Amino acid sequence: MTKETSLEDRFQHYVDAENKIEPKDWMPEKYRKTLIRQISQHGHSEVVGMLPEANWLTRAPSLRRKVALLAKVQDEAGHGLYLYSAAETLGADRMDMVKDLLSGKAKYSSIFNYPTPSWADMGAIGWLVDGAAIANQVMLCRTSYGPYARAMVKICKEESFHQRQGYEIMISLANGTPTQRKMAQDALNRWWWPSLMMFGPTDDLSPNSAQSMKWKIKRKSNDELRQEFIDKTVPQAEYLGLSIPDKDLKWNEETKHYEHGEIEWTEFYDVIKGNGKCNKQRLIARNKAHDNGEWIREAANAYAKKQSERKKHQAA
Amino acid sequence: MDTKLLEYTLRLGDNALILGQRLVEWCGHGPVLEQDIALSNIALDQLGQARMLLQYAAEQKGEGFTEDKLAFFRPEEEFKNALILELPNEDWGFTLARQFYFDTYNYFLYSELLKSSDENIKAIAQKAIKEISYHAQWSAEWIIRLGDGTEESHHRIQKSIDDLWEWTGELFTKDEIDLFAENDNIGPNLDVIKENWHEKVSQILEIATLKKPEAEWMQSGGKQGSHTEYLGFILAEMQSLPRMYPEANW
Ligand SMILES: [Fe+2]
Ligand SMILES: [Fe+2]
Chain C
1 MTKETSLEDR FQHYVDAENK IEPKDWMPEK YRKTLIRQIS QHGHSEVVGM LPEANWLTRA
61 PSLRRKVALL AKVQDEAGHG LYLYSAAETL GADRMDMVKD LLSGKAKYSS IFNYPTPSWA
121 DMGAIGWLVD GAAIANQVML CRTSYGPYAR AMVKICKEES FHQRQGYEIM ISLANGTPTQ
181 RKMAQDALNR WWWPSLMMFG PTDDLSPNSA QSMKWKIKRK SNDELRQEFI DKTVPQAEYL
241 GLSIPDKDLK WNEETKHYEH GEIEWTEFYD VIKGNGKCNK QRLIARNKAH DNGEWIREAA
301 NAYAKKQSER KKHQAA
Chain X
317 MDTKLLEYTL RLGDNALILG QRLVEWCGHG PVLEQDIALS NIALDQLGQA RMLLQYAAEQ
377 KGEGFTEDKL AFFRPEEEFK NALILELPNE DWGFTLARQF YFDTYNYFLY SELLKSSDEN
437 IKAIAQKAIK EISYHAQWSA EWIIRLGDGT EESHHRIQKS IDDLWEWTGE LFTKDEIDLF
497 AENDNIGPNL DVIKENWHEK VSQILEIATL KKPEAEWMQS GGKQGSHTEY LGFILAEMQS
557 LPRMYPEANW
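Protein sequence lines, in the order shown, are assigned to chains C and X.
Using my numbering, you'd call the opening residue of the first sequence number 1 and step up by one each time.
Using my numbering, you'd call the opening residue of the second sequence number 317 and step up by one each time.
None of these hints come from the bench; they were simulated from the model.
The list that follows gives simulated cross-link-like pairs (lysine to any residue, SDA-like), each with its CA atoms no further than 25 Å apart:
1. C/Lys288 x X/Glu350
2. X/Lys516 x X/Leu403
3. X/Lys527 x C/Glu298
4. C/Lys288 x X/Tyr546
5. C/Lys306 x X/Trp454
6. C/Lys288 x X/His471
7. C/Lys157 x X/Glu350
Label pairs and their computed distance ranges (CB to CB):
8. C/Asn301 x X/Glu511: 35 to 43 Å
9. X/Glu375 x C/Glu168: 19 to 27 Å
10. C/Ile171 x X/Ala439: 30 to 38 Å
11. C/Lys312 x X/Phe549: 47 to 55 Å
12. X/Lys320 x C/Met95: 52 to 60 Å
Some chain X residues flagged as far from chain C (calculated, every beta-carbon gap over 12 Å):
13. Asp318
14. Gly378
15. Lys443
16. Lys446
17. Lys516
18. Gly537
As the structure is a computational prediction, the values presented were derived from the model and not from experiment.
Here a beta-carbon is modelled for each residue, glycine too, at the ideal position from N, C-alpha and C.
Please model the complete structure; the sequences and the hints are all you need to start from.
Laid out in structure tokens, this is it:
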């Protein structure tokens with residue numbers, strides 16, 4: 001047995017015993033790389049995810065809703081920061097990660113490439129998209145990498161708040177005028193399937209999952225998480241009096257789970273490939289923010305440098 | 317109903333609302349995440365203050381009025397915000413220069429409103445003053461950073477400081493509403509605010525190695541309801557949904 005494999009064995013035992021891996025601990029290179037990729041993608045998703053909702057900040061239909069939506073979108077920026085910091089504990093550099101996002105090299109969650117043409121989308125995103133994110137993130141609160149797990153604990157608290165806020169928008173629309181009801185149903189129709197796809201391909205087609213499960217980065221499979229989400233969400237739609245756009249959806253008395261219809265995976269892969277309605281706009285918006293901000297970042301750095309030199313002079 | 321007090325309340329509320337509305341345009345598009353968050357915080361504070369003030373104005377107007385009715389169903393000429401706040405954001409430097417001018421004014425104004433004879437305005441000022449002090453400090457620090465940063469930032473922020481100058485005079489020009497507020501001890505003497513403002517602005521610009529503009533012509537009209545071409549578009553966007561479905565609750 002080589003030394004490397006024995007280190008890996010010890011690592012595996014350590015993880016199996018439910019210990020958390022910390023930045024200074026030895027870890028397999030592939031574990032580190034997998035995590036950097038996953039955490040940075042997650043960070044990018046938070047940041048790009050600001051855009052579809054920021055789209056409604058100037059048009060929110062009441063001041064209370066405007067304030068709540070702004071606070072929510074601002075939270076997502078904070079999530080991005082926590083996650084980039086967690087990735088930095090693994091040796092990744094924030095600027096490099098950002099550059100990979102801007103160049104289109106790094107991925108982010110495809111869900112944010114769908115447009116938000118209606119105010120009801122602010123309800124549906126909070127309810128379904130944050131809801132699906134929570135299912136995933138609650139699991140990640142117990143992920144084997146310590147800084148990631150701790151970032152997730154903070155984030156989860158805010159996400160469940162976002163979900164309630166989104167659901168509350170849905171309640172007022174569903175109980176509102178016929179037009180508002182229609183808006184709510186239309187948003188549910190558009191966001192339901194993309195939300196189910198957020199959990200990723202089915203287990204048989206998810207080749208990297210097994211290793212991630214073994215390392216306890218992931219603790220539940222894509223299909224398990226998807227099922228949890230469906231079981232939780234269907235009664236919520238019923239309470240709203242809205243119908244889930246899946247004619248094959250039915251309760252299975254034996255398994256005590258909902259069965260759902262076939263997911264249109266070709267659409268999922270089309271959006272991943274860059275053909276969603278907003279793929280281009282989202283990256284253009286991020287690039288524009290970055291480029292237009294360059295002189296500000298440079299000025300801040302230049303000023304900080306001058307200040308520390310002045311301090312040195314004073315001290316000398 | 318005291319129409320002058322209502323007018324005074326609306327001016328304060330509309331300043332907060334229109335600035336908040338402009339600032340939310342930045343959310344998701346700031347130069348770096350930390351500053352995106354910082355500016356969103358200021359927007360949140362402004363909108364929070366707008367809500368308190370418009371609630372108070374609605375209360376004065378009586379039956380059937382709410383903060384949202386005032387925000388979403390008034391036409392342009394009934395908005396009483398200062399013109400500087402409705403100008404487009406332009407670049408980040410322009411937005412910060414406006415913040416600097418306005419936050420400094422707001423800081424001296426609200427420090428005086430803490431002593432207002434009107435209990436409601438006094439209570440709102442007590443809640444807002446901590447936020448406003450922080451805004452004034454934050455924007456002054458950024459003016460210094462940009463002025464004394466790189467050559468590019470120095471020139472760019474100097475230009476914004478110059479371009480915005482003619483929009484600052486309105487903040488200190490007294491009309492009958494300001495005189496009413498001053499005489500009834502509801503609001504301060506704007507001459508004093510003006511003096512404090514000039515002193516502070518001169519001091520910060522000097523540290524920032526920037527020149528204080530000297531042009532004397534000043535724009536006016538916002539607080540009397542006579543606006544630039546920009547406000548109409550702000551309202552068209554902000555009010556679109558409630559006006560399209562006036563019977564709906566959101
Ligand atoms: Fe988030
Ligand atoms: Fe969220």
